[in-house]
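Working from the sequences, and respecting the hints, build out all of it.
2 protein chains.
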Amino acid sequence: MENFIYSIPTKVYFGRGKLQSLGEELTQCGSRGLLVYGGGSIRENGCYQEIVGQCEKHRIALWELSGVTVNPDVQMVEMGAELCKEHGIEFILAAGGGSVLDCGKMIAAAAKSEGTAWELVQYPERIEAVLPIVVVSTIAASGSEMDYTAVISNKSMRQKVACGCKLLLPRVAFLDPTYSMTVGMKATAEGIADIMSHLIEIYFSESRAFLQERLNEGAFRTCIDCGKTLLNAPDDYEARANLMWTACWAMNGFLRWGKPGNWTCHVFAHELGAMYPELSHGQILSVLLPRWLRIVVERGKTGQIVDWAKNVWDIREEKPLQSVEAAVAMLERYFQDLGLPGHLDIELTKQDMRELTRRIVPQVQNAYVALTVGDIERILKESIGKQSVRE
Amino acid sequence: MENFIYSIPTKVYFGRGKLQSLGEELTQCGSRGLLVYGGGSIRENGCYQEIVGQCEKHRIALWELSGVTVNPDVQMVEMGAELCKEHGIEFILAAGGGSVLDCGKMIAAAAKSEGTAWELVQYPERIEAVLPIVVVSTIAASGSEMDYTAVISNKSMRQKVACGCKLLLPRVAFLDPTYSMTVGMKATAEGIADIMSHLIEIYFSESRAFLQERLNEGAFRTCIDCGKTLLNAPDDYEARANLMWTACWAMNGFLRWGKPGNWTCHVFAHELGAMYPELSHGQILSVLLPRWLRIVVERGKTGQIVDWAKNVWDIREEKPLQSVEAAVAMLERYFQDLGLPGHLDIELTKQDMRELTRRIVPQVQNAYVALTVGDIERILKESIGKQSVRE
Numbered sequence: 001m002e003n004f005i006y007s008i009p010t011k012v013y014f015g016r017g018k019l020q021s022l023g024e025e026l027t028q029c030g031s032r033g034l035l036v037y038g039g040g041s042i043r044e045n046g047c048y049q050e051i052v053g054q055c056e057k058h059r060i061a062l063w064e065l066s067g068v069t070v071n072p073d074v075q076m077v078e079m080g081a082e083l084c085k086e087h088g089i090e091f092i093l094a095a096g097g098g099s100v101l102d103c104g105k106m107i108a109a110a111a112k113s114e115g116t117a118w119e120l121v122q123y124p125e126r127i128e129a130v131l132p133i134v135v136v137s138t139i140a141a142s143g144s145e146m147d148y149t150a151v152i153s154n155k156s157m158r159q160k161v162a163c164g165c166k167l168l169l170p171r172v173a174f175l176d177p178t179y180s181m182t183v184g185m186k187a188t189a190e191g192i193a194d195i196m197s198h199l200i201e202i203y204f205s206e207s208r209a210f211l212q213e214r215l216n217e218g219a220f221r222t223c224i225d226c227g228k229t230l231l232n233a234p235d236d237y238e239a240r241a242n243l244m245w246t247a248c249w250a251m252n253g254f255l256r257w258g259k260p261g262n263w264t265c266h267v268f269a270h271e272l273g274a275m276y277p278e279l280s281h282g283q284i285l286s287v288l289l290p291r292w293l294r295i296v297v298e299r300g301k302t303g304q305i306v307d308w309a310k311n312v313w314d315i316r317e318e319k320p321l322q323s324v325e326a327a328v329a330m331l332e333r334y335f336q337d338l339g340l341p342g343h344l345d346i347e348l349t350k351q352d353m354r355e356l357t358r359r360i361v362p363q364v365q366n367a368y369v370a371l372t373v374g375d376i377e378r379i380l381k382e383s384i385g386k387q388s389v390r391e
Numbered sequence: 001m002e003n004f005i006y007s008i009p010t011k012v013y014f015g016r017g018k019l020q021s022l023g024e025e026l027t028q029c030g031s032r033g034l035l036v037y038g039g040g041s042i043r044e045n046g047c048y049q050e051i052v053g054q055c056e057k058h059r060i061a062l063w064e065l066s067g068v069t070v071n072p073d074v075q076m077v078e079m080g081a082e083l084c085k086e087h088g089i090e091f092i093l094a095a096g097g098g099s100v101l102d103c104g105k106m107i108a109a110a111a112k113s114e115g116t117a118w119e120l121v122q123y124p125e126r127i128e129a130v131l132p133i134v135v136v137s138t139i140a141a142s143g144s145e146m147d148y149t150a151v152i153s154n155k156s157m158r159q160k161v162a163c164g165c166k167l168l169l170p171r172v173a174f175l176d177p178t179y180s181m182t183v184g185m186k187a188t189a190e191g192i193a194d195i196m197s198h199l200i201e202i203y204f205s206e207s208r209a210f211l212q213e214r215l216n217e218g219a220f221r222t223c224i225d226c227g228k229t230l231l232n233a234p235d236d237y238e239a240r241a242n243l244m245w246t247a248c249w250a251m252n253g254f255l256r257w258g259k260p261g262n263w264t265c266h267v268f269a270h271e272l273g274a275m276y277p278e279l280s281h282g283q284i285l286s287v288l289l290p291r292w293l294r295i296v297v298e299r300g301k302t303g304q305i306v307d308w309a310k311n312v313w314d315i316r317e318e319k320p321l322q323s324v325e326a327a328v329a330m331l332e333r334y335f336q337d338l339g340l341p342g343h344l345d346i347e348l349t350k351q352d353m354r355e356l357t358r359r360i361v362p363q364v365q366n367a368y369v370a371l372t373v374g375d376i377e378r379i380l381k382e383s384i385g386k387q388s389v390r391e
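If you're matching them up, the sequences are chains A and B in order. Letter 232 of the first sequence, counting from 1, is numbered 232 in this note's numbering, and no numbers are missing. Letter 312 of the second sequence, counting from 1, is numbered 312 in this note's numbering, and no numbers are missing.
In short, the hints are calculated from the structure, not lab data. Only a predicted model underlies this, so the values are computations on that prediction, with no experimental measurement involved. Even for Gly, the Cβ is constructed at its ideal location relative to N, Cα and C. You may find that some hints are simply not true.
Calculated pairs, EDC-like style, for lysine to aspartate or glutamate (alpha carbon to alpha carbon, straight line, at most 16 Å) [said to hold, decoys possible]:
#1 A:K18 to B:E347
#2 A:K310 to B:E82
#3 B:K310 to A:D314
#4 A:K228 to A:D337
#5 B:K18 to A:E86
#6 B:K386 to B:E325
#7 B:K85 to B:E64
#8 B:K112 to B:E82
#9 A:K228 to A:E206
#10 B:K85 to B:E125
#11 B:K310 to B:E325
#12 A:K310 to A:D337
Looking from chain A toward chain B, a few residues come up when the C-beta cut is under 7 Å (computed) [said to hold, decoys possible]:
#13 M1
#14 S7
#15 V52
#16 C55
#17 R221
#18 I224
#19 A241
Written out as structure tokens, the structure reads:
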């Protein structure tokens, strides 16, 4: 286990009806807030109404920034920051999925800075102060609700960057699983793939830590189990609750600290997301993970996959190679069962391929398995389900 | 999963040499501290010297209260609180095992109160403020370093009480596994039994939570593995590190929140510890746990034990009863292998038995398995390895 510093001071209200404590917590942050949200799903599931009611009750003035999309753009962050400066906003309240939360977190930083938002995304060390951040998470996926990262896109530059800064950690997070019950199976499945990807990226690392690996396996098994349940019963509270809590712990650092490593699939996912912002992060990862694992196996790094096959998938083949192949096949089959498409439906030109490869190569040199240009091209081709790409 | 509020803002410095950041953290708390420690083991392992050096370097004045013993007495807390008031102490620095940390935590509360220390132990709601608490943990056991409980004894009254108050949570904890390498096998084994007891008490509860149960199993497997390693290699850094981190997470609330329950074995352990303060907490628990589990099995509550047998001990018997009996036997054998004695070497008179039973009965009525007077007497008799007790 490597040395580390653990610190996750986020206070989490978890469970049915917990949003009733929102007003009380917000008054600790100020009396003027900016509510950041997406396309309106929080109006459909009642979350918006509860937020507004809480704020009225506690005499909190609320400004609104809605319309945050998947792969939130830095322009949205700038708009939010301007609103904050103009109206003397004292805190950010972001309600929705990971994109909304990330956007809100970055607004909290940009509102307290003279520089541009994109500058802060690229140079997190320039973030010196942030507005207090309170979040209401409505989907189990990114774990942004208990994490100090914000992933922001710059669509005009075709870039997508993960900005990590301890100040971005939400002060308070509200997690009521009932608000995630209306999330459709497609987004639920993509969320599960996202959580699983965080667990896999952490698990497979040269740095070993017995405790963190056993806990990681337990979290992964929880994802498998919850996904199976939700396929047949999308409003199963226990499955929604377990998945929502797992999402936080897959990403908040706990399983990663003491066991550092490089995240290969997320490098691919961010670069693909930058170039194809219509693709969801979880979908991309569900396509990449089995393909990347197969390359890990090919390179002979089977030791950890044998543990993973045994403790996660209950596979105990006599020959290690059989175990690991069975485990990867089970993961692939699992994603299929969840209805995930198995490949990415994009037109990838040779020029795009060159650009993607150029961006990915330098980021995967110190990875668990170093990838060549050939490996990267192969993963990309397999991911779009084509042997060749057009000019 | 039941509703809960999660909040563990303790900052943890984990790993070799991390105590080098002590001075920097202490200066955030003030310039006058009280160092609380035990019998001097921190002088032998170099921890004391590092603490003093750090304080000198950062011009922090340090008063000392040494001699804290197993089952720390409330008189020691009073002494510490008086020292704090007399010298204008600004923070508590407790360095050692769980007893030292608990004593230091309670001093931090008593120093800010007009009432007696025992009053605060009995009525934690009267704790309104505490001095900042910084801890250096040197043994994997109680988890006090990341938990808001302090267990304090009142030897003159033969009482031992767990005082729970969120203000008692350490602000910063330093965990350097190398300081635990000099802990002998007896105390190491007792520590493992203590950690395992926390995990078992949490695991077996009417409230179910899939994630927490899977993580609990992973933490338990970590204990098993580390204990085996340390038997042959007491200075194995990885085993010491994993055990030390597991101790924190077995007790800090994370695995318990969402899955509340009553802790039967700790009721017995605290009452036995109150009457026989020479017994170590971990030793008592290693004796009680298998006996209690057998009663759980007898009462037909085998469902959770089957999961536990499978996921912790890798037992997959066809008949559930065979699985659970095998698992309990493996736990018992494991404690034997660690050198734990298997029964308590005390003279238990009939009068003591009556007194213990009188104290225990009201505390185990809402337990996972409600215990009768007969059950309690049986557990106690089995624990001392005798069929009858003398007058």
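Here's how the hints hold up against the structure:
1. Of the supplied pair hints, the one linking K18 (chain A) and E347 (chain B) is violated, its CA atoms being roughly 51 Å apart against a limit of 16 Å.
2. Between the alpha carbons of K310 (chain A) and E82 (chain B) the distance comes to roughly 56 Å, so the proposed pair goes past 16 Å and is violated.
3. In summary, the hint linking K310 (chain B) to D314 (chain A) is supported, as the alpha carbons are separated by about 11 Å, within the 16 Å threshold.
4. At roughly 8 Å between alpha-carbon atoms, K228 (chain A) and D337 (chain A) fall within 16 Å of each other, so this suggested pair holds.
5. Distance check on the hinted pair: K18 (chain B) and E86 (chain A) sit about 44 Å apart at the alpha-carbon level, beyond 16 Å; violated.
6. With a C-alpha separation of about 22 Å, the suggested pairing of K386 (chain B) with E325 (chain B) is violated against the 16 Å cut-off.
7. With a C-alpha separation of about 14 Å, the suggested pairing of K85 (chain B) with E64 (chain B) holds against the 16 Å cut-off.
8. Distance restraint check for K112 (chain B) and E82 (chain B): the Cα-Cα separation of roughly 10 Å lies within the 16 Å cut-off, and the hinted pair is therefore satisfied.
9. As the CA atoms of K228 (chain A) and E206 (chain A) are separated by approximately 31 Å, the hinted pair breaks the 16 Å bound.
10. Restraint check for K85 (chain B) and E125 (chain B): not satisfied, since their Cα atoms lie roughly 21 Å apart, outside the 16 Å limit.
11. A C-alpha spacing of about 12 Å is found between K310 (chain B) and E325 (chain B), which places the hinted pair at or below 16 Å, so the restraint holds.
12. A hinted pair counts as satisfied when its Cα atoms are at most 16 Å apart, and K310 (chain A) with D337 (chain A) does not qualify at roughly 21 Å.
13. Annotation: interface hint on M1 (chain A) holds; nearest CB of chain B at approximately 4 Å, less than 7 Å.
14. Hint status for S7 (chain A): holds, given a least beta-carbon distance of 4 Å to chain B, under 7 Å.
15. A least Cβ separation of about 23 Å between V52 (chain A) and chain B goes past the 7 Å threshold, and the interface hint is therefore violated.
16. The restraint placing C55 (chain A) at the interface with chain B is violated, with a minimum CB-CB distance near 21 Å, outside the 7 Å limit.
17. Here the hint on R221 (chain A) is kept, as its CB sits about 5 Å from the closest CB of chain B, short of 7 Å.
18. At about 10 Å, the closest approach between the beta carbon of I224 (chain A) and any beta carbon in chain B exceeds 7 Å, and the interface hint on this residue is violated.
19. The criterion of a C-beta within 7 Å of any C-beta in chain B is met by A241 (chain A), whose closest approach is roughly 4 Å, and the hint holds.
Hints 1, 2, 5, 6, 9, 10, 12, 15, 16 and 18 from the list above are not met by this structure, while the remaining hints are.
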